[in-house]
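Colleague: Chains A and B supply the protein sequences, listed in that same order. Residues in the first sequence are numbered from 1 upward in steps of one, following the working numbering. Residues in the second sequence are numbered from 1 upward in steps of one, following the working numbering.
These aren't lab readings, by the way, just hints derived from the structure by calculation. The reader is advised that the hints may include incorrect statements.
[Unchecked claim] BS3-like cross-link-like pairs, simulated, lysine-lysine; straight-line CA separation at most 25 angstroms:
1. A:Lys317 - B:Lys190
2. A:Lys55 - A:Lys216
3. A:Lys132 - B:Lys49
4. A:Lys129 - B:Lys165
5. B:Lys167 - A:Lys326
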Amino acid sequence: MDEKEMFVKAYKAMALSRALDRKIVMAQRQGRVGFYTPTIGQEALQIGLSMALEKEDIVYQYYRDVPFMLHRGVPPETIIDQIMGNSSDIEKGRQMPSHFSSKKHNFMSIQSPVATNLPPATGAAYAIKYRKKNDIVVTTFGDGSTSTPDFHAAMNLAAVFDLPVVFLCENNKWAISLPVEKQTKVEIWKKADAYGMRGLKVDGNDLFTMYETSKKEVERVRKEKKPVLIEAVSYRIGPHSTSDDPNKYRTAEITDGSEKDPITIAEKKMIEHNYLTAEEIEKIKSDAKENIEKIFEEREKLPPPSPDTMFTDIYEKNNWIIDEEKEEIL
Amino acid sequence: MSSKQLNMVQAINSTLDMHMKEDDSIILLGEDIGKDGGVFRVTEGLQAKYGSDRVIDTPLVELGIVGMAIGMALSGLKPVPEIQFQDFIFTAFDQIVNQAAKMRYRSGGEYNVPMVLRTPYGGGIRGGLYHSQSGEAYFAHTAGLTVLSPSNPYDAKGLLTSAMKSKDPIIFLEPKRLYRSIKSDVPDEKYSIPIGKAALVHEGSKMTFVTYGSMVPTVVNTVTKHSIDADVIDLRTIMPYDGETILNSVKKTGKVIIVHEAPRTLGMGAEISAFIGERAVDYLMAPILRVCGPDIPFPYKLEEYYMPNEGRILKAINRVQEFR
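Construct all of the structure, not just a fragment, from the sequences and the given hints.
Modeller: Below you can see the structure in the form of structure tokens.
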């Protein structure tokens with residue numbers, strides 16, 4: 001794939017993700033979706049990193065990474081099935097929306113408690129190193145996660161054991177209502193130094209910068225088998241979740257579709273580089289919208305999972321206690 | 001068939017050795033387990049034999065040890081993390097309860113965590129509040145976990161072998177006060193004791209003891225010494241416990257005493273008592289009694305008052321014997 005094709009693919013994923021987010025937020029307001037954590041504003045940083053990865057690389061992502069997943073080839077149908085919790089959902093409707101999983105695309109299953117994906121990411125990297133493979137592990141998290149003991153434990157372990165892990169801090173400046181200035185006294189990327197790890201800050205709103213930086217860092221991690229902390233600075237344009245009203249605690253810095261929106265920035269550069277024309281961009285956006293509308297209507301019709309699925313996958317094989325409870329309830 | 005007289009430390013050590021020899025995906029990790037061989041010497045000699053990348057001396061971070069093990073398991077390895085004392089496990093509780101235990105379920109069965117978490121538990125070594133706790137109920141209360149506790153070296157080998165074959169997370173609780181106090185004949189070859197099956201370690205007809213782990217020798221010794229005509233059930237698997245063996249015995253004897261070291265309130269005894277009440281109330285001839293640790297933190301100097309002993313077990317025996 002040449003540079004142009006790469007960036008066109010990236011831009012298409014950004015547009016698709018934005019269309020999906022807008023649709024899901026709207027559907028939630030209409031009572032058709034239970035809950036969602038919009039990813040609006042974090043498309044560029046996720047996709048910029050994703051562009052630098054190989055298929056075999058493993059991602060321990062968090063609950064605001066839809067753009068990342070779409071770019072890596074997870075079909076929007078899979079995303080929407082999870083959000084609806086329907087009979088086609090990989091997770092059989094067990095998790096709240098936004099807690100995706102796709103083994104096929106090397107995406108780990110997502111949990112709610114923040115940063116608890118980080119220590120397991122180091123274990124996956126240890127396995128790669130132990131088996132002398134060339135893959136790397138990426139783990140993503142928000143600025144709030146950097147205050148947790150899990151962040152500290154994982155950063156320390158990755159450094160001590162020289163593990164191939166990219167720690168991507170998606171600093172969107174807000175952990176629900178707490179601004180990053182109140183989360184930590186130092187800039188996040190500087191924390192790497194305390195662990196003996198490379199750390200850097202990058203403009204996460206610029207797809208092109210994010211890709212250039214990620215490419216270099218991913219190559220380094222793969223070659224040197226050492227971790228890196230990348231702080232990608234962006235902005236959470238939407239609420240924390242559909243249950244949150246940010247007007248209570250902040251005035252919006254960047255709004256959907258404005259000058260500083262990472263999608264607007266990407267569009268300008270796509271035109272500058274002659275990768276796309278303004279007309280092509282409009283077409284990509286309207287196609288994305290239409291596509292998502294169609295998929296949503298279609299997936300919404302799917303029934304919920306059958307009740308007996310509730311009692312599977314607790315263990316490889318149910319024990320007698322679960323079997324009895326199943327019989328009593330169903 | 002050759003066998004050796006081993007204590008529990010030796011039995012666990014040789015079992016780990018046997019499995020590691022066969023399967024290079026097995027990785028041991030924990031604090032001081034390598035060069036030092038573990039504070040109880042359970043992993044003695046294994047780092048020298050298998051290298052520091054398979055027997056890993058980790059930084060001092062329980063949540064990191066368990067979290068890292070979970071990631072290893074998800075990437076095709078078979079990690080055996082050690083938490084030095086079960087009392088130190090609580091910072092790793094989130095990883096155990098929210099990651100390991102729920103991974104299979106929440107991923108729709110796409111991912112699973114085959115991990116054997118070993119940790120010494122219980123009193124008897126004068127360890128005070130933070131080297132004596134029995135926290136089995138915390139783990140038994142979490143769907144997705146399997147909780148085992150051997151009461152002798154033979155069972156330790158057989159249960160650990162079953163644990164190593166499991167595709168799901170196992171909490172392997174080692175009663176530290178039995179580590180070196182008893183020996184049994186342990187066959188050299190591989191054998192397994194099935195998960196979920198209790199052992200009837202003493203047979204009788206007048207009452208049923210249900211116990212496990214560190215309390216098994218105390219109960220058996222008391223029953224033998226005083227010629228009590230009792231069944232003694234060693235659960236071996238705390239979760240899922242063997243309801244069938246319990247019921248069969250209760251239907252025969254009609255009297256039940258449950259003995260464990262963990263605090264009484266909401267301990268395993270409460271669950272087993274409720275279970276018996278639900279299924280065999282017609283057979284009961286006496287109230288179900290519990291002989292347990294009290295609902296207080298574990299004391300240092302006065303630990304022998306804390307742990308159930310012969311005297312307290314005899315009192316319970318006398319009480320159920322009053323019912324005819």
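Colleague: Are the hints correct? Go through all of them and say.
Modeller: Against the structure, the hints come out as follows:
no.: 1; hint: A:Lys317 - B:Lys190; in the structure: holds, 23 angstroms
no.: 2; hint: A:Lys55 - A:Lys216; in the structure: holds, 17 angstroms
no.: 3; hint: A:Lys132 - B:Lys49; in the structure: holds, 20 angstroms
no.: 4; hint: A:Lys129 - B:Lys165; in the structure: holds, 24 angstroms
no.: 5; hint: B:Lys167 - A:Lys326; in the structure: holds, 22 angstroms
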